[in-house]
Amino acid sequence: NAGVTQTPKFRILKIGQSMTLQCTQDMNHNYMYWYRQDPGMGLKLIYYSVGAGITDKGEVPNGYNVSRSTTEDFPLRLELAAPSQTSVYFCASMAGYNEQFFGPGTRLTVL
Amino acid sequence: AQSVSQHNHHVILSEAASLELGCNYSYGGTVNLFWYVQYPGQHLQLLLKYFSGDPLVKGIKGFEAEFIKSKFSFNLRKPSVQWSDTAEYFCAVCPGNTGGFKTIFGAGTRLFVKA
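Protein sequences, first through last, are from chains B and E. Going by my numbering, the first residue of the first sequence is number 158, and it counts up by one from there. Going by my numbering, the first residue of the second sequence is number 198, and it counts up by one from there.
Calculated directly from the structure, the hints in this document are not laboratory data. Here a beta-carbon is modelled for each residue, glycine too, at the ideal position from N, C-alpha and C. A couple of the hints might just be wrong.
[What the hints assert, rightly or not] Listed next, the in silico PhoX-like pairs over lysine-lysine satisfying Cα-Cα at most 25 Å (straight line):
1. LYS299(E) to LYS266(E)
2. LYS201(B) to LYS311(E)
3. LYS299(E) to LYS201(B)
[Claimed, not checked] Reference listing, derived: stretches of chain E covered by chain B, where coverage requires no fewer than 3 residues with Cβ under 8 Å from a Cβ of chain B:
4. 263-270
5. 299-309
[As the list claims (entries may be wrong)] Chain B is nowhere near these chain E residues, computed Cβ spacing over 10 Å in every case:
6. HIS204
7. HIS206
8. VAL208
9. GLU212
10. ASN229
11. GLN239
12. LEU241
13. LYS255
14. ILE257
15. TRP280
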C-alpha cells in the first residue's frame with residue numbers, strides 16, 4: 158500500500174494564479190481531509206469528505222474548493238492564490254472513528 | 198466550541214531527561230484520543246491512541262499517555278528522551294458527537310532534545 162500520496166511536493170505560485178493539489182489514498186477510506194499547517198498554529202481543517210460525492214467546509218475554507226468523485230481521490234483547488242495561502246498542506250484519510258493517515262504534504266509559496 | 202489545549206509550545210530537554218507534555222480537551226462526552234508526532238520535514242504519524250479500557254496506553258518508541266477523564270487530560274510521557282525524539286507533537290481528540298469523523302488537533306509542542 159502506498160497509503161496517502163500528494164502531488165506536488167513543492168510549488169511556487171504568483172498572486173492570482175490557480176492550482177490543484179492532488180491527493181490519493183489506496184486504503185479504501187471513506188473519510189478524507191485537507192489541512193493547512195502554519196508555524197505554531199497546528200493544523201487547521203480546510204475541507205473534509207465523508208464519502209464520494211459528499212464534501213463539507215472545515216474551519217478555514219475561504220479561497221479553496223474540493224471535489225470527491227471517487228473514494229480514492231480528493232483534490233484541493235486554489236483559485237486566485239493569495240500570499241495568505243502560503244502554507245504546508247496535508248491531506249489525510251481515515252477509516253472511521255479512528256486514526257488519520259497523512260500524506261507527505263505540499264509546501265506552497267504564493268509570491 | 199470543542200478545543201484541545203497543549204500547555205507547552207516549546208520544550209528543550211537534554212538526552213535522558215524525562216518528558217511530560219500536557220494536553221487538555223473541552224468535551225464532556227465520549228472521545229477517542231491521539232498523539233501524533235511530526236519529525237522535521239515529515240508528515241504526521243500516529244504515536245499512540247486511546248479508545249477505551251486501561252487509561253494508560255503505550256505507544257511506539259517508549260512513549261505512553263494517561264487518560265484522566267475527570268481532568269479531561271491525556272498527557273504524553275517518556276521516561277528518558279533521545280536526540281531522535283526531536284519533533285513536534287500533536288494531541289488530537291475525536292469527539293463522539295461529530296459522528297466519529299472530525300478530529301480536533303492541538304497547536305502542537307515542539308520538542309528539542311540536546312545531545
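Review point. What hints, given by number in increasing order, does this structure fail?
Key: 2, 4, 7, 10, 11, 12
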